[in-house]
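Chemist: Just need the whole structure built from these sequences, with the hints factored in.
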Amino acid sequence: MVMRNRAAWLPWALPAIVLVTVFFVAPFLLNVRFAFSSWTSFRAEITWNGLENVRTLIDQDLLANAVTVTVLYAILCMAIQNTVSLSLALALQRTSGINTVFRSAFFLPTLISPLAAGYIWRGLLAPDGAINSFLGVEWAWLGEPSTALVVVAFIDAWKWSGLITLVYIAGLNSIPKSLLESAKVDGAGPWTRFRRVVFPLLAPALTFNVAVTLVGALSAYDVIAATTGGGPGDHTRALNVVMRQQWGQGFFGSASALGFTVTLLVIATAVPLVWWLRRREVTG
Amino acid sequence: MRAPSRLLGAAIGAALALSLSGCGSSAPEGTGQVKLTLWHNSADPAPLLEMYKKFEKQSGHKIELVSIPSDGFEDTTQTKWATGDRPDILEYHATTSGLLALNPAENLRDLTGEAYIARSGDLYQSAGSVNGKVYAAITGFPQVFGLYYNKKVFTAAGLTPPTNFAELAAACPTLKAAGVTPVFESGGSIWPVQILPILYLAGANQSNAYGKAIAGHSSTLADAGSPFVAGLTAYAKLKADGCFNKDIVTAKFEDSMKALVTGKAAMVAQHSDMLPALLAAAGGDQKTVDESVGFVGLSSDKPLATYAPGPIGTFYLPKTGDAAREKASLDFVRFMTGPAYAEYVTASKTFPVFKDVPNPQGVSSVLQDVKKAYDTGAVIAFNSDIPGMGGLAQLMSELIAGQKDPQKAATQLQGQVEQAAKAAGLPGW
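Read top to bottom, the protein sequences are chains A and Z. Residue 1 is where the first sequence starts when you use UniProt numbering, and the numbers rise one by one after that. Residue 1 is where the second sequence starts when you use UniProt numbering, and the numbers rise one by one after that.
Don't read these hints as lab results, they were simulated from the structure. Among the hints, erroneous ones may be present.
[To be verified] Below, a list of computed lysine to any residue pairs in the SDA-like style, where the Cα atoms sit at most 25 Å apart:
id	chain 1	residue 1	chain 2	residue 2
1	Z	80	A	48
2	Z	212	Z	130
3	Z	422	A	31
4	Z	252	A	48
5	Z	246	A	112
[Claimed, not checked] A partial selection of chain A residues facing chain Z, derived with a Cβ cut-off under 8 Å:
id	residue
6	56
7	59
8	61
9	64
10	136
11	146
12	232
13	235
14	248
15	251
[To be verified] From the derived model, a few chain Z residues whose C-beta atoms are all more than 10 Å from chain A:
id	residue
16	212
17	246
18	248
Backbone N, C-alpha and C fix where the C-beta goes; we use that ideal spot for every residue, glycine too.
Modeler: Take a look at the structure:
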């Protein structure tokens with residue numbers, strides 16, 4: 001049945017519209033003004049101060065670095081998680097006893113608190129920690145500028161890859177077997193079958209996973225806070241970490257401006273990305 | 001359909017009533033006893049926690065303790081405070097900079113005129129007060145900042161503990177040659193790495209001269225050749241000379257205490273409220289601590305300790321608008337500063353802030369060292385009265401990582417001070 005009348009869709013969409021409005025749009029609109037205000041803990045009056053907060057953050061060398069770190073971190077997380085998860089999904093696609101055990105094992109980190117995961121990894125990666133003992137090296141994985149951001153992105157990937165893997169497995173299992181068999185009969189090898197049949201048909205799962213991992217990492221805080229606290233120096237000081245530091249010093253207006261920047265970044269990244277990925281689903 | 005609707009209505013009504021009753025903090029009506037919320041530092045020592053219980057027992061009021069982790073204590077308190085949430089009693093920093101960030105005139109009750117203030121000497125001239133009004137009840141002896149050192153390590157190396165930065169730099173090669181980390185810094189906890197530069201500045205801050213000049217805007221942190229830039233430069237040189245531990249970026253505060261007690265490190269720059277952590281690092285064995293650890297004051301060029309009124313045992317009474325709870329919270333302050341205080345001093349073996357309370361007996365030798373350093377010349381931390389100095393620790397992290405030089409770090413911090421001073425409406429800005 002095709003519903004041609006647009007009004008007929010409304011009752012079905014209404015619950016979602018109400019929820020999004022009440023829990024996302026309204027709080028956002030009510031709070032966005034603070035990004036342009038003089039709100040601090042030092043005085044009660046809150047006045048409009050235009051772009052003063054942004055200017056302050058730029059003058060103090062905080063904004064540009066935080067945006068760079070955040071974007072870099074998000075790209076790393078997205079790339080690592082999707083590569084690892086797709087590989088795991090291909091390995092664990094077939095439903096069998098042993099695969100179910102492995103799927104559960106890889107999903108377990110998703111259930112752990114991000115802070116707890118961060119603290120555990122910080123201990124393992126300490127210069128005198130278990131990983132260095134095993135490798136026989138002495139390296140401050142989280143303390144060296146060259147490795148800190150990548151290592152934190154890997155920890156984030158470890159935390160969430162189980163979930164992303166499940167989405168890819170669902171996507172793989174929805175591909176008709178007949179297509180793969182036809183390709184095989186036509187002489188396509190495993191790599192060609194993956195490149196020409198599996199990957200294009202995984203497009204919806206890819207759209208979801210890329211969007212979720214990228215947007216999730218843009219608003220990163222917990223794993224970074226638990227592992228490096230933004231260090232060494234400011235090498236992992238993402239927007240939300242700076243926001244927390246500004247907040248902690250009582251500069252609530254500047255902190256709100258940083259929160260607003262995260263929102264803008266998510267909108268500016270996610271909307272075109274999802275649009276492009278959805279278009280790719282249609283055009284192949 | 002009517003009955004289910006009634007049932008649903010009753011259920012919603014009951015849920016609302018339950019949730020509303022949970023919002024209030026008043027205890028059973030007619031008893032005059034109330035429930036007080038106390039936001040406290042998780043590092044509160046056991047004798048202080050015991051005092052809270054004693055107050056409950058004596059007054060009949062209940063205290064609901066909300067523990068704020070000491071790691072990130074300022075951030076977390078400010079975050080809760082910013083939401084408009086107010087405890088009945090707040091344990092927080094007594095420094096002017098810490099107090100200004102609470103907007104005291106608007107949010108805190110004025111305790112000027114309370115009996116404990118006159119018994120505290122001139123303590124409230126430099127702490128717990130703004131514009132002549134006293135907001136704090138300080139019961140803890142000031143945090144005394146200096147160098148904890150391992151006595152055995154120094155004896156074995158044939159050295160005496162340094163009391164100025166030149167001596168500190170000179171001791172490094174000998175200690176390193178003995179296979180010991182000269183100074184253990186814990187950048188993984190972030191806040192400890194600001195202590196050495198603050199110690200350095202004691203030389204320039206006698207009578208709080210430097211702090212007043214910065215707060216009053218007659219000098220800036222970034223002035224050419226300023227004491228602050230000199231302090232950061234001295235720190236950077238120590239790092240370049242290899243005086244610090246290799247894992248300075250990731251090491252946590254607890255690691256520093258352990259390294260000191262075990263003799264892996266010769267020195268740690270810390271303050272006196274961390275003595276319980278030192279004891280914990282020694283497995284709770286006071287004898288081990290006394291035998292192995294001593295404390296000295298140190299500054300750029302003189303044997304000066306630095307002090308700052310600390311958060312442990314410093315109480316504020318936020319305005320809540322609830323007369324019964326406000327009365328009870330004032331009773332709490334009077335209890336903590338009243339006759340029971342002597343018991344607290346005895347139990348905690350810390351030094352009293354009230355002149356009429358005698359010093360405790362059986363004080364550990366390291367605490368005696370702390371008191372000696374304080375009595376023989378202690379200078380208030382230069383940043384005590386300057387708002388916006390909260391970013392110092394973060395900038396030190398960047399200095400350690402080689403991302404900022406001392407001059408650039410000073411310029412950036414001056415920007416933060418300006419931001420806060422203007423917001424606080426300080427004269428001269």
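Chemist: Does each hint fit the structure? Answer for all of them.
Modeler: Verification of the hints:
{"no.": "1", "hint": "Z:80 with A:48", "in the structure": "holds, 23 Å"}
{"no.": "2", "hint": "Z:212 with Z:130", "in the structure": "holds, 14 Å"}
{"no.": "3", "hint": "Z:422 with A:31", "in the structure": "holds, 23 Å"}
{"no.": "4", "hint": "Z:252 with A:48", "in the structure": "violated, 41 Å"}
{"no.": "5", "hint": "Z:246 with A:112", "in the structure": "violated, 31 Å"}
{"no.": "6", "hint": "56", "in the structure": "holds, 6 Å"}
{"no.": "7", "hint": "59", "in the structure": "holds, 6 Å"}
{"no.": "8", "hint": "61", "in the structure": "holds, 6 Å"}
{"no.": "9", "hint": "64", "in the structure": "violated, 13 Å"}
{"no.": "10", "hint": "136", "in the structure": "violated, 17 Å"}
{"no.": "11", "hint": "146", "in the structure": "violated, 11 Å"}
{"no.": "12", "hint": "232", "in the structure": "holds, 4 Å"}
{"no.": "13", "hint": "235", "in the structure": "holds, 7 Å"}
{"no.": "14", "hint": "248", "in the structure": "holds, 3 Å"}
{"no.": "15", "hint": "251", "in the structure": "holds, 7 Å"}
{"no.": "16", "hint": "212", "in the structure": "holds, 19 Å"}
{"no.": "17", "hint": "246", "in the structure": "violated, 7 Å"}
{"no.": "18", "hint": "248", "in the structure": "violated, 8 Å"}
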